[in-house]
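Protein chains in written order, with our numbering: chain A, 11 to 420; chain B, 77 to 367; chain C, 51 to 373.
Hints were generated in silico from the structure; no laboratory data involved.
From a predicted model like this one, the values you see are computed outputs, not experimental measurements.
We put the beta carbon where it would ideally sit given N, CA and C, even for glycine.
One should not assume that every hint holds.
Below, computed lysine to aspartate or glutamate pairings styled on EDC-like, alpha-carbon distance capped at 16 Å [as the list claims (entries may be wrong)]:
#1 A:LYS321 x A:ASP75
#2 A:LYS351 x A:ASP75
#3 A:LYS306 x A:ASP380
#4 A:LYS361 x A:ASP380
#5 B:LYS195 x A:GLU282
#6 A:LYS313 x A:GLU299
#7 A:LYS138 x C:ASP292
#8 A:LYS224 x C:ASP206
#9 A:LYS178 x A:ASP209
Partner residues aside, some chain B positions facing chain A, computed with beta carbon under 7 Å [what the hints assert, rightly or not]:
#10 ASP193
#11 ALA246
#12 GLN332
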Amino acid sequence: MRRRDVLRGVAAATAVFPAPAVRSAYAQTAKPLVIGGSVPLTGAAAETGLNVNNGYITAASYLNDVLGGVEIAGEKYRIELKLFDDASDPARATTLIQRQLDDGTNFFLGSFGSNIVLPTAAITERAKKPMVQTGGGADAIFTRGFKYVFGMFPRATRQFAPAAALFKSLKPAPQTYSVIYTNDAFSKTAGEGVRLACDAAGLKRIETYELPAKVTDVSSVLASVRSKTPDILVCVMHDQDSLLIARQMVATNTNVKLLFQGLGPQLASFREALGKYSEGLCCSTYWDEAVPYKDKFFGDAKKFAQYYRTKFTRPIAYHVAGAAACIETYVMAMQAAKSIKPEAVRDALAKADFETMYARIKFTPDGDGDALLLGGMIGQVQKGKLETIFPGEARTAEPVYPTPTWDKKA
Amino acid sequence: MSLVVQTLADGLVLGGIYALAAVGFSLIFGVLHVINLSHGILVLIGAYLALVTSQALGVDPLLTIPAVMAVLFGAGYAYQRLLIQRAVDRSPLGSMLLTFGVALMLQNIMIWVFSPDMKSITPSYAFASFSVAGITFDAVRVSALAASLVLLLCLALLLKFSPLGRVIRATAQQTLAAQLCGVNVKHVYALTFAVSAAFAGAAGIVIGVILPFSPADEALWTMNAFVVVVLGGVGSPAGALLGGLLLGIVNTLTAQYVGPSFPNVTMFLLLVLLLLVRPNGLLGNAFSASR
Amino acid sequence: MKRSPALVPLLIVAAALVLALGPFVLPPFYVRVGQLMVYSAGLAVAWAILGGFAGYASFGHAAFIGVGAFAAGLVENQFSALAPGLLLALGLAVGGGACAVLSAAVAYPILRLRGTFFSIAMLGVCHVCAEVNNNVDFFQGSMGINFPPLAPASMDPADFFFWLYLAAGTIVMLIAWLIWRSRFGAGLLSIREDEDTARMLGVPTERYKRLAFVISAVLTGLLGVIYAHALGYITTDSVYRDDTNLNLIVFSLLGGMGTLFGPVIGAFLLVFITQVILGRLLDFHLFATGLLLVLLVLGAPGGVLGVVRGWRVRRRAATAPAE
Numbered sequence: 011m012r013r014r015d016v017l018r019g020v021a022a023a024t025a026v027f028p029a030p031a032v033r034s035a036y037a038q039t040a041k042p043l044v045i046g047g048s049v050p051l052t053g054a055a056a057e058t059g060l061n062v063n064n065g066y067i068t069a070a071s072y073l074n075d076v077l078g079g080v081e082i083a084g085e086k087y088r089i090e091l092k093l094f095d096d097a098s099d100p101a102r103a104t105t106l107i108q109r110q111l112d113d114g115t116n117f118f119l120g121s122f123g124s125n126i127v128l129p130t131a132a133i134t135e136r137a138k139k140p141m142v143q144t145g146g147g148a149d150a151i152f153t154r155g156f157k158y159v160f161g162m163f164p165r166a167t168r169q170f171a172p173a174a175a176l177f178k179s180l181k182p183a184p185q186t187y188s189v190i191y192t193n194d195a196f197s198k199t200a201g202e203g204v205r206l207a208c209d210a211a212g213l214k215r216i217e218t219y220e221l222p223a224k225v226t227d228v229s230s231v232l233a234s235v236r237s238k239t240p241d242i243l244v245c246v247m248h249d250q251d252s253l254l255i256a257r258q259m260v261a262t263n264t265n266v267k268l269l270f271q272g273l274g275p276q277l278a279s280f281r282e283a284l285g286k287y288s289e290g291l292c293c294s295t296y297w298d299e300a301v302p303y304k305d306k307f308f309g310d311a312k313k314f315a316q317y318y319r320t321k322f323t324r325p326i327a328y329h330v331a332g333a334a335a336c337i338e339t340y341v342m343a344m345q346a347a348k349s350i351k352p353e354a355v356r357d358a359l360a361k362a363d364f365e366t367m368y369a370r371i372k373f374t375p376d377g378d379g380d381a382l383l384l385g386g387m388i389g390q391v392q393k394g395k396l397e398t399i400f401p402g403e404a405r406t407a408e409p410v411y412p413t414p415t416w417d418k419k420a
Numbered sequence: 077m078s079l080v081v082q083t084l085a086d087g088l089v090l091g092g093i094y095a096l097a098a099v100g101f102s103l104i105f106g107v108l109h110v111i112n113l114s115h116g117i118l119v120l121i122g123a124y125l126a127l128v129t130s131q132a133l134g135v136d137p138l139l140t141i142p143a144v145m146a147v148l149f150g151a152g153y154a155y156q157r158l159l160i161q162r163a164v165d166r167s168p169l170g171s172m173l174l175t176f177g178v179a180l181m182l183q184n185i186m187i188w189v190f191s192p193d194m195k196s197i198t199p200s201y202a203f204a205s206f207s208v209a210g211i212t213f214d215a216v217r218v219s220a221l222a223a224s225l226v227l228l229l230c231l232a233l234l235l236k237f238s239p240l241g242r243v244i245r246a247t248a249q250q251t252l253a254a255q256l257c258g259v260n261v262k263h264v265y266a267l268t269f270a271v272s273a274a275f276a277g278a279a280g281i282v283i284g285v286i287l288p289f290s291p292a293d294e295a296l297w298t299m300n301a302f303v304v305v306v307l308g309g310v311g312s313p314a315g316a317l318l319g320g321l322l323l324g325i326v327n328t329l330t331a332q333y334v335g336p337s338f339p340n341v342t343m344f345l346l347l348v349l350l351l352l353v354r355p356n357g358l359l360g361n362a363f364s365a366s367r
Numbered sequence: 051m052k053r054s055p056a057l058v059p060l061l062i063v064a065a066a067l068v069l070a071l072g073p074f075v076l077p078p079f080y081v082r083v084g085q086l087m088v089y090s091a092g093l094a095v096a097w098a099i100l101g102g103f104a105g106y107a108s109f110g111h112a113a114f115i116g117v118g119a120f121a122a123g124l125v126e127n128q129f130s131a132l133a134p135g136l137l138l139a140l141g142l143a144v145g146g147g148a149c150a151v152l153s154a155a156v157a158y159p160i161l162r163l164r165g166t167f168f169s170i171a172m173l174g175v176c177h178v179c180a181e182v183n184n185n186v187d188f189f190q191g192s193m194g195i196n197f198p199p200l201a202p203a204s205m206d207p208a209d210f211f212f213w214l215y216l217a218a219g220t221i222v223m224l225i226a227w228l229i230w231r232s233r234f235g236a237g238l239l240s241i242r243e244d245e246d247t248a249r250m251l252g253v254p255t256e257r258y259k260r261l262a263f264v265i266s267a268v269l270t271g272l273l274g275v276i277y278a279h280a281l282g283y284i285t286t287d288s289v290y291r292d293d294t295n296l297n298l299i300v301f302s303l304l305g306g307m308g309t310l311f312g313p314v315i316g317a318f319l320l321v322f323i324t325q326v327i328l329g330r331l332l333d334f335h336l337f338a339t340g341l342l343l344v345l346l347v348l349g350a351p352g353g354v355l356g357v358v359r360g361w362r363v364r365r366r367a368a369t370a371p372a373e
């Protein structure tokens, strides 16, 4: 498999890249390096927005306070974050991004939600200022010929390839699947990706269920799942809706051999809420603190998570790491470019091949994350902990399949 | 066949909860003629209070209902006397916007205090279920329904038989006449608001037990209350129950037979249709003519 | 007050011309704020033709922004080979037309409702449109829809859209003024004051209400088409926004309900406050906006123009005995 070869390459690169972090004595003489951007701290996307926000802050304060700033082309810089709340409103986001451009901000971080990321990215693109973002996965962002916009994960329709590969490798081989997704741009494109990838993997699709963007009850869908039971049930939706589905599945004793939830089980709060019933659930994890990657600044993912916990009490989530990696990627691109000129940094970003505690960062020519490197891993809850079961190289445990029925978990 | 029955049963369970969540909204609209856009926030406050107390004391969340209701009763009284009373006699738009402003502020405060995360209350029986004649019920939902019905019944009895209920109804029917008979209208308004807030809080607990919640959900619960009240009619627990059950059934039936993403569409189409055919709701108007 | 009838439109056009100089002197951020101000003012005035003049306060006008935007986008994407100018004209025609059809269809039943019931029903209409738009794949609401770039390459799109909004806003304003001083406008005001009496006195209330509703909807839809182009990519969440529904009321309330210029003042003021003054607040602005609303309702229920009128009356009362 190509993917494995690439990952082996990662492991090799790890050995070559020990790069110790050096503390600087001249922190006080450092110049400010302004990075702007918006985050949705209120409105529909507030929950993930806060994770993204905390990730940005963690990276910036570590680089500034612990490492005493970063060195770019012989010059010491302190990162100065300028973030504002866009309230999940594109009009507000575009106006306030413009203010930052006027103020002379040259580098931008992304908001969360494609309908905000795209209009703001159009503005920064026109101004020829880079934006590195971890919140917009819709294909539209990466098919417009933007040159200055980079995403931390692959475009939505490409995100499901790893899961399909996992399903194929399971023994006994699953035959059928059904997919449930909610009707928002993110989940719907992901649902599309599931269908493309699983059909290509030779699984038979029994049913596709589309839920409203705001789910309150899934009894009727589950009744249908019970009457036409697939081997694998794939749910792609935001965390809150995943929890609702899982709880109702337990309560109505709706069993499938494997429940795969795009988002949800990666959150500690989700696993706590489900208790022992979370056992065996699978999810995409773009990141987990046990990932083996080395990091030039933090050392590795564990140390990143430790530092995060000294700053925040909120449980760590993969968006935190993705957001922190945006800033690390900027710094490494600037160091590679030996410049903080936006054009030079943009070129360095396009050529990026950096290892961070988040993943190995490499972008496609369109700016989205490389589908193999940034396509994410798959986790399964085993004995209350989230273990990585795919890809093989990052595996911390063997996949359990078929998973026990709900009443056996009680 | 069994699918139809299962769908209807699911709908009724859901509907009972909608009814409880809406009854306070209905009461305020009926008596004060105020559209309380902060209703959803009051519901969420109930849910968060139950979460905090049940975790701190380790008791079943449904047992926190009396305490939470008492807290919200007091808060509701103060809220009405201090803020809403000042806008109540002006245009209906004014009071509506006032409550919206309060909803925004409280939502922001909730985000500070509880973070924007989804939270959920998990009682010990969260995952139990039982079957009756081939129809599966999950235990939380049924207990939530039972709690809703009991509370609705309590409110109906309160309004019907207690002295407080009598003055509330009198004020709703003929504010001026009630005033002439010595009713302190401001006080009654505040009491009505307090009762409504208390029931919103209780609804929040019941909702918190079956659904995850986050501060951004407040609009959803305000909207649901809206729809229920328009369906069932203003001001009475019976109307709210009817509207709630109807909404619940429409929700599950549409989800099952039209498509899971269409309940809201049918819900609002039904709302608009009903407004045209019977603007006062199915049971007519329990109290005074709505403005 | 003695004013020659041509004075108001001259004033409007003059003000628009002065504003049009904005992009030459202002930094781009203020051009964007200006965009939002002029767009909001246009929406506010379009809303006020029904909500302010006739007293039918719609709580669902975002429906027309969304319907206009999506109708235009769906059709424009079929004819993407056309020149940008033609494409915009096509989009405006389709968007406006869709809103006209929708509003005419909804007008008959929904205008039978009064007061808060009308407001709620409009909210329902908005949500139905949003949900249908979001859930029927044909409309591409949840996947989002792209809009072809309109601005000539030599021009900053921010400036281009500012002028476009300004032109549209001025037209909306002029239409509102024409209505305001016409027999039709007087009829609408009489509906607001006392609909039953107005009907008794021979005002064709039903026809007037319906006409006002359709005009208001079409103008809102046209502005929605421009808004969608300015964003470049929209999903249902971008256009069917409940905060827009609410803001349209707040604009009028802040400036002065039922006046010609109140909504404009309100829109300018609120946009300035939320974007410029509160823009830098990170996690505080919901609270601040809420507080503003509360203070507004409690402190100045007549809006800015209400406060000004209050001063005038008091001054007149103070000077009266001296005369």
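Do the hints match the structure? See the list:
1. For the hint linking LYS321 (chain A) to ASP75 (chain A), the alpha-carbon distance of about 12 Å falls within 16 Å, and the restraint holds.
2. Among the hinted pairs, LYS351 (chain A) with ASP75 (chain A) is inconsistent with the structure: their alpha-carbon atoms are about 24 Å apart, more than 16 Å.
3. Distance hint between LYS306 (chain A) and ASP380 (chain A) is unfulfilled; the C-alpha atoms sit about 20 Å from each other, more than 16 Å.
4. For the given pair, LYS361 (chain A) sits about 12 Å from ASP380 (chain A) by alpha-carbon distance, which is consistent with the 16 Å threshold.
5. Between LYS195 (chain B) and GLU282 (chain A) the alpha-carbon distance is near 11 Å, which keeps this suggested pair within the 16 Å criterion.
6. Using a Cα cut-off of 16 Å, the hinted pair LYS313 (chain A) and GLU299 (chain A) holds, with the two alpha carbons roughly 9 Å apart.
7. Straight-line distance between C-alpha atoms of LYS138 (chain A) and ASP292 (chain C) comes to about 33 Å, which puts the hinted pair past the 16 Å bound.
8. Between LYS224 (chain A) and ASP206 (chain C), the direct Cα distance comes to roughly 38 Å. Violation of the 16 Å bound is thereby established for this hinted pair.
9. For a cut-off of 16 Å, the pair hint linking LYS178 (chain A) to ASP209 (chain A) stands: about 11 Å separates their Cα positions.
10. Restraint check, ASP193 (chain B) versus chain A: the minimum CB separation of about 5 Å is within 7 Å; hint holds.
11. The closest approach between the C-beta of ALA246 (chain B) and any C-beta of chain A is roughly 37 Å, which is over the 7 Å cut-off, so the hint fails.
12. With 7 Å as the threshold, the beta carbon of GLN332 (chain B) comes within range of chain A, its nearest partner Cβ sitting at about 4 Å, so the hint holds.
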